[in-house]
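Quick mapping for you: the protein sequence lines, in order, are chains A and B. Heads up: the first sequence at position 245 corresponds to 257 in this note's numbering, and the numbers run straight through without jumps. Heads up: the second sequence at position 296 corresponds to 308 in this note's numbering, and the numbers run straight through without jumps.
These are computed hints drawn from the structure, not numbers from a lab. Where hints are given, some of them may not hold.
[What the hints assert, rightly or not] Heads up, simulated EDC-like pairs for lysine to aspartate or glutamate below, C-alpha to C-alpha not over 20 Å straight-line:
(1) Lys123/B x Glu571/A
(2) Lys238/B x Asp223/B
(3) Lys253/B x Glu301/B
(4) Lys251/B x Asp512/B
(5) Lys123/B x Glu546/A
(6) Lys34/B x Asp14/B
(7) Lys542/B x Glu531/B
(8) Lys148/B x Glu160/B
(9) Lys123/A x Glu571/B
(10) Lys36/B x Glu531/B
(11) Lys36/A x Glu485/A
(12) Lys123/A x Glu566/B
(13) Lys123/B x Asp136/B
(14) Lys300/B x Glu327/B
(15) Lys123/B x Asp577/A
2 protein chains.
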Amino acid sequence: MDRILRVNMTDRTAAFEPLPEKYKHRAGRWLTSSIVHDEVPATCHPLGPNNKVVFSPGIVTGTSSPTSSRISVGGKSPLTGGIKEANAGTGWGRRLAVLGIRAIVVEGRPKDDGFWLLKVTKDDASFEPADAWTGKRLSEVYPDVFAEHGGLDSVDVCSIGVAGEHRMAAAGVCFNDQEGRPNRYAGRGGLGAVLGSKGLKFIVVDDGKADGVEIADEELFDEGRKKLAAALTEHAITKPKGALNTYGTAVLVNIINEAGALPTNNFRSGRFDGAAKIAGEAIFEGNKERTGGELYNHPCSPGCVICCSNTWHREDGTEHTSCIEYESAWALGANCRIDDLDQVAELNQLCNEYGLDTIEIGGAIAVAMEGGVAPFGDGARAIELVHEIGEATPLGRILGGGALTTGRTFGVARVPHVKGQNMPAYEPRAIKGIGMTYAVSTMGADHTSGYTIAPEILGVSGKLDPLNPDKAELARTFQYATAFIDSTGHCLFIAFAILDIASGFEGMIDECNGVLGTEWTADDVARIGKEILELERDFNRRAGFTELDDRLPEFMTYEPLPPHDVVWDVADSEIDKVFSGQA
Amino acid sequence: MDRILRVNMTDRTAAFEPLPEKYKHRAGRWLTSSIVHDEVPATCHPLGPNNKVVFSPGIVTGTSSPTSSRISVGGKSPLTGGIKEANAGTGWGRRLAVLGIRAIVVEGRPKDDGFWLLKVTKDDASFEPADAWTGKRLSEVYPDVFAEHGGLDSVDVCSIGVAGEHRMAAAGVCFNDQEGRPNRYAGRGGLGAVLGSKGLKFIVVDDGKADGVEIADEELFDEGRKKLAAALTEHAITKPKGALNTYGTAVLVNIINEAGALPTNNFRSGRFDGAAKIAGEAIFEGNKERTGGELYNHPCSPGCVICCSNTWHREDGTEHTSCIEYESAWALGANCRIDDLDQVAELNQLCNEYGLDTIEIGGAIAVAMEGGVAPFGDGARAIELVHEIGEATPLGRILGGGALTTGRTFGVARVPHVKGQNMPAYEPRAIKGIGMTYAVSTMGADHTSGYTIAPEILGVSGKLDPLNPDKAELARTFQYATAFIDSTGHCLFIAFAILDIASGFEGMIDECNGVLGTEWTADDVARIGKEILELERDFNRRAGFTELDDRLPEFMTYEPLPPHDVVWDVADSEIDKVFSGQA
């Protein structure tokens, strides 16, 4: 009995609808991108009444499948002006899934400036005023919201922070982790600002009396689930006490720095002399020193067997923040030349408190440093800058508008973005395949849309030369596979295992077939991935994007990057091959 | 002996080159747009080393032709990301013309942050440090610059203000008027920021020992000049003590308000109850009261017979500012709901002092008011806001970035812009032809690219219903004719006369044929205008623009405008007919 919950913020109504037949196999990114494609006028203003925010748990979310609690969030991005899908790991999507709610569609825009809490239960969706909870740090308000709605056993909470309330384009959508911390973000592209424009501050989901996820073929599902779990617990990157469980995603800091591809000082160098001080190894060792024990990482969401979410502790042993991801350690560290883990942790925590995408904010601070607002490396000043965002001062609003707005405001031409979204932690001049992914991604510069780092640097699914520009096919196949994974509800990190271990890949497909009663094969993974990309690309075309938007910023073509002293030299015609099928 | 002066700011060199044969008949906008089209990579960053700023006087500039001292300035716009041509009336272009300098091309970008003065004489172009003149009001530094370079008899001065120094996208390019005031602006599109990015603060032109403009057929030229002068001195709008000479361009305030098309409160209404208090009539009467005499207006540049440039005087009779154009009275007045002429005058003067486009700044303040920065109508606060721009505070930088950046930063969806440039003083919902011009103009929302107000409101060249959407042909033919006029060096205001008086139109063509030795007819006016538009449209296409950029903002399609309660209801297909030749 799958259904959609349609929420209209113009008149504050909410009603369940049956899931349309055409969407019956769609969930996660496939469904959010489908609804955005089908319902949102591509040329609408992202903060106007005609944009929508769509939430959808994945195909296997809510089942016993491992590492499958991702929630997909879609809409038109105020940062890029194109379609946006961002996802996060949290129990919130599981609760939707077991309630048979395949999607929540938030639309309209109120006449006044009030903020609201939407409470979703099995048979009801109702509003409560939320103004009393605005203007505050999320860690201040989450405990109260949980307390008023039955606690962590009964509900999970989706929200926006002050950045979203102020409709800043770097505002993410926040979900709680398993301990109720407001720290799991569908961070990129400013969908928090879209919720802010609609006056929706919280969505609380209570799954009491839920019927659970319907499974068409229990046996097949179970077989697939086991094959996938086996692959995850076997692969060196994803296994218990493996790379991710021990050092978190920040295990990449030293690896990418060694490759000469860790963007430093706003993408002026690919190597950071302070890298080791902010790396996953430093987090692990620092925690050991400060807490007296070896802290292996914890799951961000129910049912995850990878368990890569870390904590960072103060000198007195108390918890400072969770989690310092690789992207955050880089964005708030190396990219701003900050090598003090306590400062990086504070910046990270403030982003969680104010509801911000750490990548975009690190990028904005680095561009502001480039523009003379602060010296590179001044962590204390960077912390003040993030507080300015939390206070919505003019400077804070500039930074909260993201790196490109910061560059425009300070007259800085060196903004490392694609389609208005700041680049993540991999230098495209030094790793050509990820550069092609940045260029063509429907999302703007985004590593998660096709993580070619796996073969280009990590030796997962083969080993490719990062400086070889012949990566069009790689960028295409990775994006198709990713779009499918993003639809299953699995975390993208299962890719490390299933790209190397064939039975894991089969297990993922078996699980989906088990739930849906389909008979998909590996070909369907590519077919569905391609279909999703085509929906997204069609939206972007209708929003005004052309192949000229599939380009890296000009400065990378004439400014050589140390230490390899390479420029971005991939021909435009090569980039255009990614989706033309000519490569 | 026509030539081009090529200035490279990377290594601070300047050299004369012969005018290429292909450009031999091109001047003004035709030449600046040609050089930008041919030399500037369309996808370059506007503030990067590959953008250029091109200056060119018109075909008849520097001759005895009336009202012909316009200087055209071109480049890629940091405001729109497309091609930009802005022009101003000043003696500066005349001096270039009589020196046989058909264009100055400024290119490159220095490694350091210093600012420079370029001195151009008959045989030389050399640099002097200008850092001592940065960070100041232009009226403070102009007298010194004149004094050091021989005074107003010898030189005219082009410059940027602090807004340009800080590379703000609303920074214009300033020229002096006949009294040496820094107040004649090629204002729109941020070309001042481009000069700022190149470290070029001043260009001083000394035309000592100039040979004058070569005229191929003196007799024909003279005949044309006389026919044009006769038309200008005869037409009710352009004649001595006519509408423009008496009330200035601000004569339009009451007329457009009466038509329900004076954008008020950031385009929330087409009628302003305070309109009469900021109108040209109020300026004339106020000056009479304060100075004791009837002040008819003065020429902004040598040889103008229309003489529409006004002054505004303080209560004690001293001069406060010159000139309060219609666009400025509206942008800094009605659009911000400010109806105090002294406050409008102060805002106007501050824009002149800091080097700002009044239209864009009025738009930015109105959007900021919409975003809660100040109440509509608070003139005192608006004055403080413009001072913030002059001080380059974060809030000042936001506003100096223009209305769209202000909207992005404050999360405001109601930004009345096209291609990132704020709309001028005519509500497109109430006057459909000007809306089509805004939509398709290569410049972003720009009334001067095709002033259809003439027939739609003023009854010049016929009288059309402003609410009739069938204006594709009008928008096209007006843009073609305008592009030609912008190439002659004539002020666009000659159009009032020559559209109604056929001999004036012939006179304009005769003059050009007289100077160039060509045999152009009225057909050539349209042919050349079309060619210019095609160059500009080709640049914009290569910069990434599509027909989806030829659209008015979404809110105008669903928000009815009082008093006519009309929305923007012109079909996209009608807009696309403007240049498809289907209408």
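Here is what the structure says about each hint:
no., hint, in the structure
1, Lys123/B x Glu571/A, "holds, 13 Å"
2, Lys238/B x Asp223/B, "violated, 23 Å"
3, Lys253/B x Glu301/B, "holds, 19 Å"
4, Lys251/B x Asp512/B, "holds, 13 Å"
5, Lys123/B x Glu546/A, "violated, 43 Å"
6, Lys34/B x Asp14/B, "holds, 13 Å"
7, Lys542/B x Glu531/B, "holds, 18 Å"
8, Lys148/B x Glu160/B, "holds, 17 Å"
9, Lys123/A x Glu571/B, "holds, 13 Å"
10, Lys36/B x Glu531/B, "holds, 14 Å"
11, Lys36/A x Glu485/A, "violated, 30 Å"
12, Lys123/A x Glu566/B, "holds, 17 Å"
13, Lys123/B x Asp136/B, "violated, 24 Å"
14, Lys300/B x Glu327/B, "holds, 11 Å"
15, Lys123/B x Asp577/A, "holds, 19 Å"
The structure does not agree with the numbered hints 2, 5, 11 and 13 stated previously, though it agrees with the rest.
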